[in-house]
Amino acid sequence: DVKVTQSSRYLVKRTGEKVFLECVQDMDHENMFWYRQDPGLGLRLIYFSYDVKMKEKGDIPEGYSVSREKKERFSLILESASTNQTSMYLCASRSTGNPKGYGYTFGSGTRLTVV
Amino acid sequence: AQSVTQLGSHVSVSEGALVLLRCNYSSSVPPYLFWYVQYPNQGLQLLLKYTTGATLVKGINGFEAEFKKSETSFHLTKPSAHMSDAAEYFCAVNYNTNAGKSTFGDGTTLTVKP
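If you're matching them up, the sequences are chains A and B in order.
Under my numbering, the first residue of the first sequence is numbered 5, with each subsequent residue one higher.
Under my numbering, the first residue of the second sequence is numbered 5, with each subsequent residue one higher.
A portion of the hints provided could be inaccurate.
Unchecked claim - With a straight-line Cα cutoff of 25 Å, these simulated SDA-like cross-link-like pairs (lysine to any residue) come out:
id : chain 1 : residue 1 : chain 2 : residue 2
1  : B       : Lys105    : A       : Gly20
2  : B       : Lys105    : A       : Val56
3  : B       : Lys105    : A       : Glu21
4  : B       : Lys105    : A       : Val119
5  : A       : Lys75     : A       : Asp55
To be verified - Simulated DEER-style distance windows between Cβ atoms:
id : chain 1 : residue 1 : chain 2 : residue 2 : range
6  : B       : Pro118    : A       : Lys57     : 39 to 45 Å
7  : B       : Leu11     : A       : Asp42     : 43 to 49 Å
8  : B       : Ser31     : A       : Gly67     : 29 to 35 Å
9  : A       : Arg48     : B       : Gln49     : 15 to 21 Å
10 : A       : Val56     : B       : Asn45     : 29 to 35 Å
By construction, these hints were calculated from the structure, which means they are not laboratory data.
Just so you know, even glycine gets a beta-carbon here, dropped at the ideal spot from N, CA and C.
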């Protein structure tokens with residue numbers, strides 16, 4: 005079964021720490037995405053990547069950066085964590101080569117708490 | 005810009021009753037439409053999708069949705085709700101199949117009463 009794996013389900017970090025959220029997919033998908041999900045605000049796109057070493061800002065990139073050195077791995081970096089970054093973070097991937105489907109495959113999410 | 009509106013952030017039905025979750029999109033070109041389901045403390049899972057062809061699409065767990073271009077709608081239905089259907093449901097739209105970026109609705113939480 006194809007998978008998107010996020011390295012941590014729950015994470016607690018201190019204000020000001022540099023935080024790395026890792027996401028790995030085993031489907032050879034070109035596109036990868038990072039969203040955050042907050043009650044009442046739905047899913048908001050932080051960053052996405054069309055392919056290796058390519059990245060674009062989403063709707064709320066401030067305070068975040070990303071890295072995609074290999075096709076299967078897309079990392080989200082919180083440069084200096086703040087309490088307003090406490091959220092559920094969802095990684096997703098998508099193939100551009102599948103003629104039958106263009107939906108996303110999501111990871112299980114990382115619930116990050118910044119204290 | 006593409007947008008998706010889900011009418012009703014919370015829907016409650018009795019077990020065995022019809023489930024209807026509403027989704028409308030804005031578009032000047034044909035869209036690709038999706039419904040996802042999210043169970044508590046999990047990621048989203050693709051429920052069904054419309055790309056081209058038949059406007060009534062069937063998904064997993066007995067759900068189906070109908071693409072109505074004239075109404076710019078893609079409502080999700082299930083004839084008979086089951087307790088296990090309780091979850092949050094998201095409608096999403098993508099206009100460019102190669103761009104890869106979908107826009108999501110705000111979600112509808114479905115509660116199923118015994």
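Here's how the hints hold up against the structure:
no. : hint                            : verdict
1   : B/Lys105 to A/Gly20             : violated (31 Å)
2   : B/Lys105 to A/Val56             : holds (16 Å)
3   : B/Lys105 to A/Glu21             : violated (30 Å)
4   : B/Lys105 to A/Val119            : violated (32 Å)
5   : A/Lys75 to A/Asp55              : holds (7 Å)
6   : B/Pro118 to A/Lys57: 39 to 45 Å : violated (52 Å)
7   : B/Leu11 to A/Asp42: 43 to 49 Å  : violated (21 Å)
8   : B/Ser31 to A/Gly67: 29 to 35 Å  : holds (32 Å)
9   : A/Arg48 to B/Gln49: 15 to 21 Å  : holds (19 Å)
10  : A/Val56 to B/Asn45: 29 to 35 Å  : holds (31 Å)
Violation of the numbered hints given earlier is confined to hints 1, 3, 4, 6, 7; the remaining hints are satisfied by the structure.
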